[in-house]
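Model the full structure from these sequences, guided by the hints.
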Amino acid sequence: MLSRRIIPCLDVRDGKLTKGIQFKGNVVIGDPVETAARYYEEGADEIVFYDITASSESRDIMIETVEKVAERIFIPFSVGGGIRTLDDMRRVLLAGAEKVSVNSAAIRDPSIIERGAEAFGSQCIVLGMDVKKVAGTEKIPSGYEMVIDGGRTYTGLDALAWARKGEKLGAGEICLNSIDADGTQDGYEIELTRLISSQAGIPVIASGGAGKPAHLAEVLTAGMADAALIASITHYGMYSISDIKVYLRERGVPVRLTW
Amino acid sequence: MIAILDYKAGNLTSVKRAMNILNEKACITSDPEVIASAERVIFPGVGAAGSAMADLRRMGLDEALVRTYEMGKPLLGICLGMQIIMEHSHENNTRCLGLLKGEVKPFPGNLQDPDRDGKLKVPHMGWNSIRFLRDHILFEDVDPAGQFYFVHGYYPVPGDEDCIVAETTYGFPFASVLALNNLVAVQFHPEKSGRPGLKMLSNFCHWDGSNHA
Numbered sequence: 001m002l003s004r005r006i007i008p009c010l011d012v013r014d015g016k017l018t019k020g021i022q023f024k025g026n027v028v029i030g031d032p033v034e035t036a037a038r039y040y041e042e043g044a045d046e047i048v049f050y051d052i053t054a055s056s057e058s059r060d061i062m063i064e065t066v067e068k069v070a071e072r073i074f075i076p077f078s079v080g081g082g083i084r085t086l087d088d089m090r091r092v093l094l095a096g097a098e099k100v101s102v103n104s105a106a107i108r109d110p111s112i113i114e115r116g117a118e119a120f121g122s123q124c125i126v127l128g129m130d131v132k133k134v135a136g137t138e139k140i141p142s143g144y145e146m147v148i149d150g151g152r153t154y155t156g157l158d159a160l161a162w163a164r165k166g167e168k169l170g171a172g173e174i175c176l177n178s179i180d181a182d183g184t185q186d187g188y189e190i191e192l193t194r195l196i197s198s199q200a201g202i203p204v205i206a207s208g209g210a211g212k213p214a215h216l217a218e219v220l221t222a223g224m225a226d227a228a229l230i231a232s233i234t235h236y237g238m239y240s241i242s243d244i245k246v247y248l249r250e251r252g253v254p255v256r257l258t259w
Numbered sequence: 001m002i003a004i005l006d007y008k009a010g011n012l013t014s015v016k017r018a019m020n021i022l023n024e025k026a027c028i029t030s031d032p033e034v035i036a037s038a039e040r041v042i043f044p045g046v047g048a049a050g051s052a053m054a055d056l057r058r059m060g061l062d063e064a065l066v067r068t069y070e071m072g073k074p075l076l077g078i079c080l081g082m083q084i085i086m087e088h089s090h091e092n093n094t095r096c097l098g099l100l101k102g103e104v105k106p107f108p109g110n111l112q113d114p115d116r117d118g119k120l121k122v123p124h125m126g127w128n129s130i131r132f133l134r135d136h137i138l139f140e141d142v143d144p145a146g147q148f149y150f151v152h153g154y155y156p157v158p159g160d161e162d163c164i165v166a167e168t169t170y171g172f173p174f175a176s177v178l179a180l181n182n183l184v185a186v187q188f189h190p191e192k193s194g195r196p197g198l199k200m201l202s203n204f205c206h207w208d209g210s211n212h213a
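Order-wise, the sequence lines are chains F and U.
Quick note: the first sequence uses the numbering used here, first residue 1, plus one each step.
Quick note: the second sequence uses the numbering used here, first residue 1, plus one each step.
Among the clues, some could well be false.
What the hints assert, rightly or not - Keeping only pairs whose Cα atoms sit at most 25 angstroms apart, straight-line, the calculated DMTMM-like set for lysine to aspartate or glutamate is:
no.	chain 1	residue 1	chain 2	residue 2
1	U	K16	F	E71
2	U	K16	U	D55
3	U	K16	F	E250
4	U	K16	F	E67
5	F	K168	F	D87
6	U	K8	F	E64
7	U	K16	F	E41
8	U	K199	F	E118
9	U	K105	F	E167
10	F	K68	U	E24
11	U	K8	F	E42
12	F	K68	U	D55
13	U	K16	F	E167
14	U	K16	F	E64
15	U	K16	F	E114
16	F	K165	U	D113
17	U	K16	F	D60
18	U	K8	F	E71
19	F	K168	U	D113
20	U	K25	F	E71
21	U	K105	F	E71
22	U	K105	F	E114
23	U	K199	F	E42
24	U	K199	F	E67
25	U	K16	F	E34
26	U	K119	F	E114
27	U	K8	F	D87
28	F	K168	U	D117
Read the hints as simulated data drawn from the structure, not as lab findings.
In structure tokens form, the structure reads like this:
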């Protein structure tokens with residue numbers, strides 16, 4: 001049986017590991033390469049790197065970080081943040097990442113999904129979705145709206161419609177981040193995750209809000225997520241990946257327990 | 001020297017990095033002569049069967065692979081590399097190398113997931129277990145409880161069931177490890193499967209091409 005994946009997310013700024021709340025006030029909490037290596041040893045199923053500045057200078061630093069990570073960990077990892085062109089994708093993949101995640105750039109120009117899938121294969125292309133809950137309207141019938149620029153800009157796009165379009169264009173996976181839940185540690189946005197995951201034909205990674213193992217159990221069962229992103233819950237040592245997996249196994253969620 | 005076959009498909013650097021950590025000498029090459037002189041060959045790949053086969057033919061690597069197999073050198077196919085050694089793939093309706101009898105079929109897109117409500121997602125992406133039908137020396141000292149990382153939308157259906165070393169269940173059981181003489185093919189990515197994957201690759205690097213298991 002396919003295991004549900006537990007995926008630590010590392011926010012990287014200028015080569016340093018950081019963490020913020022609801023995309024604001026990020027502080028440096030460590031080194032991304034060492035942290036990734038530790039998570040690999042501790043049984044992470046995959047790792048996500050998010051370049052939260054993504055200026056052109058920080059892009060070069062990120063490529064160096066990706067190369068160093070690739071020498072140390074032998075599980076898949078993806079890189080997102082500021083990926084705008086096929087060349088950005090190629091650099092990240094050649095540096096050793098398994099997947100790239102596109103977010104704002106795909107909303108501005110959806111053809112990047114199609115072109116990326118054509119050039120590198122659908123399995124390489126993750127559609128990163130930052131979503132906020134809004135009042136349901138004719139334009140946003142699901143009541144969830146796509147936001148970009150780290151949550152600062154509303155796009156007028158319905159999240160469910162966008163997920164369907166991204167899949168059709170060739171995305172191989174969706175990383176679904178609730179801006180409302182991000183960094184709160186109050187639990188994932190279950191309703192949103194279930195909505196998107198039940199309608200998508202491709203795997204959905206739930207993101208934002210993990211504070212304790214019960215939150216993961218909930219999003220991987222009721223939320224129908226295929227994988228769960230975590231950050232604060234393990235970055236600060238409250239729980240280990242192993243703690244979380246043992247808890248999930250006891251509740252009947254299939255997980256990888258030997259590594 | 002281990003030759004990692006480069007036909008412009010997929011992430012070859014990760015296989016090379018796995019060889020580096022295992023302290024095994026390997027080179028990424030698309031030169032048929034280098035492949036001919038290599039001690040063993042790894043045939044990796046992600047991407048689509050049609051363009052991969054076209055690239056192999058254009059570069060003369062289809063013949064290099066067949067020769068590698070016929071010479072009895074250890075040959076490892078990974079993911080798309082596994083699929084392309086079969087006779088035919090339904091992906092782009094592609095005639096493949098035919099080192100193993102059988103074909104490659106797509107996961108149906110509307111299959112109910114037997115493990116929960118909702119449809120089975122395609123691609124099959126993530127960590128899954130393998131169930132051994134017989135022993136093979138490449139899996140010696142690999143923890144049987146260990147899982148492997150898969151990412152694929154198509155799966156192999158071998159013509160000869162004796163070739164199946166292990167199966168994996170995703171909606172239904174499919175052959176995830178195939179072996180014939182000096183050839184082993186795996187649907188998962190050992191280079192991305194942590195310790196069990198690295199152990200399997202290490203075994204491949206020391207395998208003489210015969211199956212004593």
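Outcome of the hint check:
{"no.": "1", "hint": "U:K16 / F:E71", "in the structure": "10 angstroms, holds"}
{"no.": "2", "hint": "U:K16 / U:D55", "in the structure": "21 angstroms, holds"}
{"no.": "3", "hint": "U:K16 / F:E250", "in the structure": "38 angstroms, violated"}
{"no.": "4", "hint": "U:K16 / F:E67", "in the structure": "13 angstroms, holds"}
{"no.": "5", "hint": "F:K168 / F:D87", "in the structure": "22 angstroms, holds"}
{"no.": "6", "hint": "U:K8 / F:E64", "in the structure": "23 angstroms, holds"}
{"no.": "7", "hint": "U:K16 / F:E41", "in the structure": "20 angstroms, holds"}
{"no.": "8", "hint": "U:K199 / F:E118", "in the structure": "33 angstroms, violated"}
{"no.": "9", "hint": "U:K105 / F:E167", "in the structure": "21 angstroms, holds"}
{"no.": "10", "hint": "F:K68 / U:E24", "in the structure": "19 angstroms, holds"}
{"no.": "11", "hint": "U:K8 / F:E42", "in the structure": "33 angstroms, violated"}
{"no.": "12", "hint": "F:K68 / U:D55", "in the structure": "31 angstroms, violated"}
{"no.": "13", "hint": "U:K16 / F:E167", "in the structure": "31 angstroms, violated"}
{"no.": "14", "hint": "U:K16 / F:E64", "in the structure": "18 angstroms, holds"}
{"no.": "15", "hint": "U:K16 / F:E114", "in the structure": "28 angstroms, violated"}
{"no.": "16", "hint": "F:K165 / U:D113", "in the structure": "23 angstroms, holds"}
{"no.": "17", "hint": "U:K16 / F:D60", "in the structure": "22 angstroms, holds"}
{"no.": "18", "hint": "U:K8 / F:E71", "in the structure": "21 angstroms, holds"}
{"no.": "19", "hint": "F:K168 / U:D113", "in the structure": "21 angstroms, holds"}
{"no.": "20", "hint": "U:K25 / F:E71", "in the structure": "15 angstroms, holds"}
{"no.": "21", "hint": "U:K105 / F:E71", "in the structure": "34 angstroms, violated"}
{"no.": "22", "hint": "U:K105 / F:E114", "in the structure": "23 angstroms, holds"}
{"no.": "23", "hint": "U:K199 / F:E42", "in the structure": "18 angstroms, holds"}
{"no.": "24", "hint": "U:K199 / F:E67", "in the structure": "23 angstroms, holds"}
{"no.": "25", "hint": "U:K16 / F:E34", "in the structure": "21 angstroms, holds"}
{"no.": "26", "hint": "U:K119 / F:E114", "in the structure": "24 angstroms, holds"}
{"no.": "27", "hint": "U:K8 / F:D87", "in the structure": "16 angstroms, holds"}
{"no.": "28", "hint": "F:K168 / U:D117", "in the structure": "22 angstroms, holds"}
The structure shown violates the earlier hints numbered 3, 8, 11, 12, 13, 15, 21.
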